[in-house]
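K.L.:
Each chain, letter by letter, is given below.
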Amino acid sequence: MIPTIPQSQSFRLLYGGYVLLFFLYLALPLTVVAVFAFNDSQFPSLPWEGFTWNWFFGDKSPQTGVFHERGILRAVGTSAFVAVCVSVLSVSVGTTNAFLFNRYEFRGKGALYVLMLLPLVIPGIVLGISILVFSSTLANGVWNAAKLDIQALRPGLLLVILGQFSFITTIATLVITARLQKFDRTLEEAALNLGASRLTAVRTITIPFLMPAMIGAMVVAFLMSFENFNTTLMLVGSDAPLTIAMFDRLKEGSTPLLNAVSLLLMLGSSLLALVVILFQRR
Amino acid sequence: MTPDLECVDLVKRFGATTAVDNVSFCVPPGSFFSILGPSGCGKTTIMRMIAGFLEPTSGDIRIKGGTVLDTPPNKRPVNMVFQHLALFPMMTIADNIGYGLRRKGMARDQIARKVDEALERIGLPGIGARKVDELSGGQKQRVAIARCMVLEPDVLLLDEPLGALDLKLREHMKIELKALQAEFDTTFVYITHDQSEALVMSDQIAVMNAGRFEQVGTGQDLYYRPQTPFVAGFIGEANRWKGRIERVEGAMLEMRTETGLAMRATGSGTLSKGDAAEIFVRPESIHLAASDAALSDFDNRLQGKVTSILFNGAASRVLVEDDAGETLEVTLPQTGEFASMERGATVHIGWRAAQAICFGGGD
Amino acid sequence: MRSHARIGFVLLLTPLVLWLGLLIIIPHIDMLLISLRERISFGVYEPSLAQYQKALTEPLYLRTFWRTAVMSVLATAITLVIAFPVAYYIAKMARGRLQQVLFMLCLIPFYVSELVRTFGWMILLRETGLISNLLQWAGLADQPVEMLYNDAAMMVGLVYTSMLFMVVPLVTTLESLDDSVVEAGYDLGGGGISVLREIIIPHAMPGIVSGCIVVFMLSLGNYLTPTMLGGKDSLWFTEMIYNQFIVRSNWELGATFGFMLLVLSSVIVWGMLRLTGRTLQETMG
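Chains as they are written, first to last, in my numbering: chain A, 1 to 282; chain B, 1 to 363; chain C, 1 to 285.
Hint data in this document are derived by calculation from the structure and do not stem from the laboratory. Watch out, some of these pointers could steer you wrong.
[What the hints assert, rightly or not] Derived pair list, reagent style DMTMM-like, types lysine to aspartate or glutamate, alpha-carbon separation capped at 20 Å:
1) K75(B) with D179(C)
2) K104(B) with D178(C)
3) K251(A) with D151(C)
4) K131(B) with D151(C)
5) K232(C) with E105(A)
6) K131(B) with E152(B)
7) K251(A) with E127(C)
8) K109(A) with E282(C)
9) K251(A) with D233(C)
10) K251(A) with E282(C)
11) K182(A) with E282(C)
12) K232(C) with E188(A)
13) K251(A) with E58(C)
14) K75(B) with E198(C)
Only a predicted model underlies this, so the values are computations on that prediction, with no experimental measurement involved.
Let the hints inform the model, and build the full structure from the sequences given.
P.N.:
Next comes the structure, spelled out in structure tokens:
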């Protein structure tokens, strides 16, 4: 079952057909979402009422386009803010974690590593509620002790950021650790030998080596944060990120506006993915 | 007697390149046949066609007289020891050896018995329960052979299986492989780029270059009586001179080299006066002496200076620069006679025409 | 120099400990504590197992719990069966450029939010949707067909959502299978089925395990797909957690449900690792 093993023509056709079918299955939902963004109708479904750009640029009801829809634009801004915070935080902590696990031998290292992996196997909703529960315990404690109401500990952006950070950091750590493991320690020793201090050696030799992984992790973190739903759902306050805002609208019934937003999301994330691929090829 | 393996006018093209160009050969039963050639010469392609992983563009492959072209690889009576052995890492040694027997639907207890026998024969009894990665390189080698041999194939193919081993073990495995072949009394077809592997183990060697067989013969044939310049240059080492033929006396030739030396050599008989030619002389055919008088019964004699002594125990050489400014490699006999020779010393060298082989062309 | 290294160690350890401590360990302990108490009156609680008793005796809760578990296992199995041939094709049959392109194509759908993917399935499957219209056009149905809001639709969505996390580990492990090992299998007399069973699948086991674990986790913890594509009676356990927390504000019961979900997923992950003799470190790291 590899190309060098002779196989019958019909088997090869059947197999090829199956793979083709699979990719159709992958493409189908995204394609219909994209196509119906241009339907000149109130509903993202058949019949096809003609082509329109209104769901992007329309400025009057009932066909208000994405670029004139305040609620959606604000939600995009919120999502972007959260995603930037999460990616910066998780890549920073991911990098320090990578150095810790790569450079130091200490008691309990194995256990700590397993603990570091745990957020990947905890359902997102459970992560969300545990942080929700703990932060409100904290807030209540502070209130009882000092009659201070700390708004930051109530559901809202800070909790959303922390909640997403709590599991995205694991992914950043894995990506950066994998790259650091490939690093040849003698390069750092050579830098020391040439007169650099330990910190300078890391800054001028190791960090540039890690850069592709750090940027890759940054983008992955950004995308994961941007499209996160489960954890965010439990921690969200009054400022809804995009996925939550879209979910609320979807529950009320959908218009092609949502298709337009989705199409822009697809374009945006593919573009980002492409940039990473090009960057890493260079 | 029907040959175990016979290839007839075998051709394999990949697009515009011809990897195997009209190759024919027979391997008699029970013999050790090697295909020797530099990498990229097409020897792996031949082997993969015999095993059934490649389809020849034209020609025929016959095993015990019958064509196997329409037989898929899992039904052919040939088995292969892969270059990196391809032992199944997910199975124990016993399961590896028993794999083919299970495919034949043999009963469990019978398989177990056969596996034990095979382990016994390769000198590794009782390791059946171990994992593949617990074995040493040489042990893996033997298991890979046993895995094929339990199936009693008509022909066993070996694709440079010693390549991954270190030098010492490789030397040892050469002897062992030859012994295993005798033990199993099966036809082995062995491909390698290492001439010493081929020379030590084989009954017959085919030297392959650029998709064609240059010469097929015993090791002695190839070494003493090379038929093409490629074989003369590829098997062993040689000093070479290019020039033009000046005189022909039967098999004996005289050639004037480009640097103006006159040399006597043995030719193939197709050369005549004025032809461009090339002479090959092995470093070990050249005699070294302190005086010209000691070399009086040699056809070719030169005088030169030692420019370098390449000490390598029994395989030591000296580089001698002759008066024409050419450098020759000469074997340094370890008889004690030349123990005190130093760089810069003047020496006399000589060799017989019978050991200087002349080929046409060479320009 | 030694004290230098010591300071570096502490500096690197601090963020890790803060992260795991404040965001993972303590919150989960807090959640456990909350699940183990009962509200007596406003602001007054006492320790009790009442929540667990309620969760384990109320038929609706129990039924939802087991249904979620079974459906997640089913979704994982279906994903594996669909993904394996495709991953094998990408890893072993396709060559060069085609291989890269197919692999990239697998990744692209997952750069978009799960919400968009679910939305796509809604457009396809609903009564006025594409497939319903297609069936009517082809004469296979004489009135609009509602294919949304049932278990099958939900399964389609779950499998679609998790596909990437099965394909990628499978492709990675299958790629590391040396062609000559497969060839050796055939050379020694094996056929397609026996080579698949004895060589390819055992080799792919690490990928199968990690793919299955991730897909199972994602299905179990999914909220969107069951909510949007599932029917009224296909309640998912995560929906119950959400309801208790956000709709009913019964945090004690919600935390109990959360803990049950956590235990269920840990048991299944642990069981899968145990069954295949692997560690979490090998599988995830």
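K.L.:
Each hint: holds or not?
P.N.:
Comparing the hints with the structure gives:
{"no.": "1", "hint": "K75(B) with D179(C)", "in the structure": "holds (19 Å)"}
{"no.": "2", "hint": "K104(B) with D178(C)", "in the structure": "violated (24 Å)"}
{"no.": "3", "hint": "K251(A) with D151(C)", "in the structure": "holds (19 Å)"}
{"no.": "4", "hint": "K131(B) with D151(C)", "in the structure": "violated (45 Å)"}
{"no.": "5", "hint": "K232(C) with E105(A)", "in the structure": "violated (54 Å)"}
{"no.": "6", "hint": "K131(B) with E152(B)", "in the structure": "violated (24 Å)"}
{"no.": "7", "hint": "K251(A) with E127(C)", "in the structure": "holds (16 Å)"}
{"no.": "8", "hint": "K109(A) with E282(C)", "in the structure": "holds (15 Å)"}
{"no.": "9", "hint": "K251(A) with D233(C)", "in the structure": "holds (18 Å)"}
{"no.": "10", "hint": "K251(A) with E282(C)", "in the structure": "violated (41 Å)"}
{"no.": "11", "hint": "K182(A) with E282(C)", "in the structure": "holds (17 Å)"}
{"no.": "12", "hint": "K232(C) with E188(A)", "in the structure": "violated (61 Å)"}
{"no.": "13", "hint": "K251(A) with E58(C)", "in the structure": "violated (29 Å)"}
{"no.": "14", "hint": "K75(B) with E198(C)", "in the structure": "holds (18 Å)"}
In this structure, the earlier hints numbered 2, 4, 5, 6, 10, 12, 13 are contradicted, and the remaining ones agree with it.
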